[in-house]
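Turn these sequences into a full structure, and let the hints steer you where they fit.
Number of protein chains: 2
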Amino acid sequence: MKIAITGGGGFLGRRLAASLLTRPEVGSVRLVDTSPILEFEGDPRVERARANLLDPGAADSVVADADVVFHLAAVVSGQAEAEFDLGMGVNLDATRLLLEAARAGKRTPRFVFTSSLAVFGPPLPTTVDDGTAVHPRSSYGAQKAIGELLVSDYSRKGYIDGRAVRLPTVCVRPGKPNAAASGFVSGIIREPLNGMTAVCPVPKNLELWLSSPKAAVLNLVHAGMLPGEKLGESRIINLPGITVSVGEMIECLAQAAGPEAAAQITFSEDETVRRIVSSWPARFDITRALGLGFVRDPDFRFLIRHYIETEMPSRQL
Amino acid sequence: MKIAITGGGGFLGRRLAASLLTRPEVGSVRLVDTSPILEFEGDPRVERARANLLDPGAADSVVADADVVFHLAAVVSGQAEAEFDLGMGVNLDATRLLLEAARAGKRTPRFVFTSSLAVFGPPLPTTVDDGTAVHPRSSYGAQKAIGELLVSDYSRKGYIDGRAVRLPTVCVRPGKPNAAASGFVSGIIREPLNGMTAVCPVPKNLELWLSSPKAAVLNLVHAGMLPGEKLGESRIINLPGITVSVGEMIECLAQAAGPEAAAQITFSEDETVRRIVSSWPARFDITRALGLGFVRDPDFRFLIRHYIETEMPSRQL
Chain P
0 MKIAITGGGG
10 FLGRRLAASL
20 LTRPEVGSVR
30 LVDTSPILEF
40 EGDPRVERAR
50 ANLLDPGAAD
60 SVVADADVVF
70 HLAAVVSGQA
80 EAEFDLGMGV
90 NLDATRLLLE
100 AARAGKRTPR
110 FVFTSSLAVF
120 GPPLPTTVDD
130 GTAVHPRSSY
140 GAQKAIGELL
150 VSDYSRKGYI
160 DGRAVRLPTV
170 CVRPGKPNAA
180 ASGFVSGIIR
190 EPLNGMTAVC
200 PVPKNLELWL
210 SSPKAAVLNL
220 VHAGMLPGEK
230 LGESRIINLP
240 GITVSVGEMI
250 ECLAQAAGPE
260 AAAQITFSED
270 ETVRRIVSSW
280 PARFDITRAL
290 GLGFVRDPDF
300 RFLIRHYIET
310 EMPSRQL
Chain C
0 MKIAITGGGG
10 FLGRRLAASL
20 LTRPEVGSVR
30 LVDTSPILEF
40 EGDPRVERAR
50 ANLLDPGAAD
60 SVVADADVVF
70 HLAAVVSGQA
80 EAEFDLGMGV
90 NLDATRLLLE
100 AARAGKRTPR
110 FVFTSSLAVF
120 GPPLPTTVDD
130 GTAVHPRSSY
140 GAQKAIGELL
150 VSDYSRKGYI
160 DGRAVRLPTV
170 CVRPGKPNAA
180 ASGFVSGIIR
190 EPLNGMTAVC
200 PVPKNLELWL
210 SSPKAAVLNL
220 VHAGMLPGEK
230 LGESRIINLP
240 GITVSVGEMI
250 ECLAQAAGPE
260 AAAQITFSED
270 ETVRRIVSSW
280 PARFDITRAL
290 GLGFVRDPDF
300 RFLIRHYIET
310 EMPSRQL
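Top line first, the protein sequences correspond to chains P and C. Residues 0 to 316 in numbering that gives the first Met the number 0 are what the first sequence lists, from first letter to last. Residues 0 to 316 in numbering that gives the first Met the number 0 are what the second sequence lists, from first letter to last.
A few of these clues could be false.
Identical chains share a label here; the pair holds if one copy fits it or two copies do between them.
30 Å max Cα-Cα, derived DSS-like pairs, lysine-lysine [to be verified]:
#, residue 1, residue 2
1, K156, K203
2, K175, K156
3, K1, K156
4, K1, K213
For the record, the hints were derived by calculation from the structure and aren't laboratory data. Since the model is a prediction, treat every value here as computed from it, not as a measurement.
Shown next, in the form of structure tokens:
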């Protein structure tokens, strides 16, 4: 099985590649990103390509002979809001170019499109289900919702065997904050665990819909391995997550790392961030996803423990 | 008030222009179409332009100094299904070019986008409301749903003052059948009224969501005149219609024009047409639209009567 991953040098892309490479049916993985990819040096199964998907021919090179394309490359929410044209280019135009490349090819590849809970916005029902209308309140959310429609229609036409998976907010992301409006969600856990201060731009009672990087990667792999017949006509999937309030996150942090860790967090509301993040739903009916074999984290404590185990090798448990 | 109408030579475009020209606040109407427009000869308020919106500069010329842009130009459902690239070009790319032209301009025009009940598809609730997810089962529906998302996001960003109105199937259309999957809906009334045979490609019990051309035009005008504040953040509107089964339509035809008219209709199922049309909802909650001042036809008899009065001047009532 030949795999291609856009955004292959990113946080999820690298982990997805590593997970796929443990599977016997995966013969090769092509990682494509705008920045150089430093990982997987010397692995003969891995091809690393630096490319801008909007450049002529780039999308065709990505898709080429791939059996499964994972399209992870995206401009994140905060940046797509600040730089509208960039967001439209990467999140919409590049997706179309990939879909057209897949359509033009000889085979009908599986095409996993990473969508997001950000397609939703108010007015929201108590629990979002498969029949809930998207009302994006950010350009990122609108662009992801458009991608879902394209993936669905290209699948219906038989041009691809697509699946659009709506990821929860992934937490705890390691490293530096990115330009996502949800960047603080990882920051308020990661920074205190590393003895640093963090600013929380939303109130404590705000609820979030979260997934560990582990569950997110497992679910992406599963999305790529699932036969199309199991999905039928409905190619959009609300992935499992857990519902946690910011206050509960901070309580878990205090339990895991002591009150001094929690004390590193100060609150200073950021209206733009609060408006975007509070427009996202925190409660989903995930019956269909669980029935299809997608997995869910047990609780928020697991998300903290997973970060400490995988990203802080020297820290005591 | 300066108006621009794409698809201005089409069935609804011409009637929309005529209706707008009766209003004192309308100073000029620019009609744009790919075919020559024969109407409005000699009316100094009307500019008629032949243009393909995908040509460089065409979208800018349309929008130019318009206060209200009505974007009616589209490739209809049956044709967009048969000619995928054409549908993507006209229904998606041309819409984007118009939105970009509006964004680039000095003013923030009202932008009325004609969407359709075709954005919906199964699984459907008993009654579609503002919270119902779109599940297009045609490329036309997918392209219209994408247009709605773009109009909503461009409005949220303040680039336009947009409104996307979901039109019911318009019946009775005069003239020749077009390539819409719903073409038979008018055909099974129009052809018998004119003493011709008609083939119905769907079963009698199929329900439809219909609007007369008169209600459709009145509602388009209203969409263009409504202040943006009344709409708030929610820029997508399910327009009023009436629910009628094919069997009820034929009964009304028999009442209006005698059993010999109804006898002109034969049934021969067309699987493609049936699949597309039966994926559309026939029952909507239109509380919001009525509250905003949009109007509804009284019943299907009115649709037949309206056709006879406006399109068959020599026929006895």
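Hints, one by one, checked against the model:
no., hint, result
1, K156 / K203, "between (46 Å within a copy, 28 Å between copies)"
2, K175 / K156, "between (41 Å within a copy, 28 Å between copies)"
3, K1 / K156, "within (23 Å within a copy, 41 Å between copies)"
4, K1 / K213, "within (22 Å within a copy, 56 Å between copies)"
In this structure, every one of the numbered hints holds.
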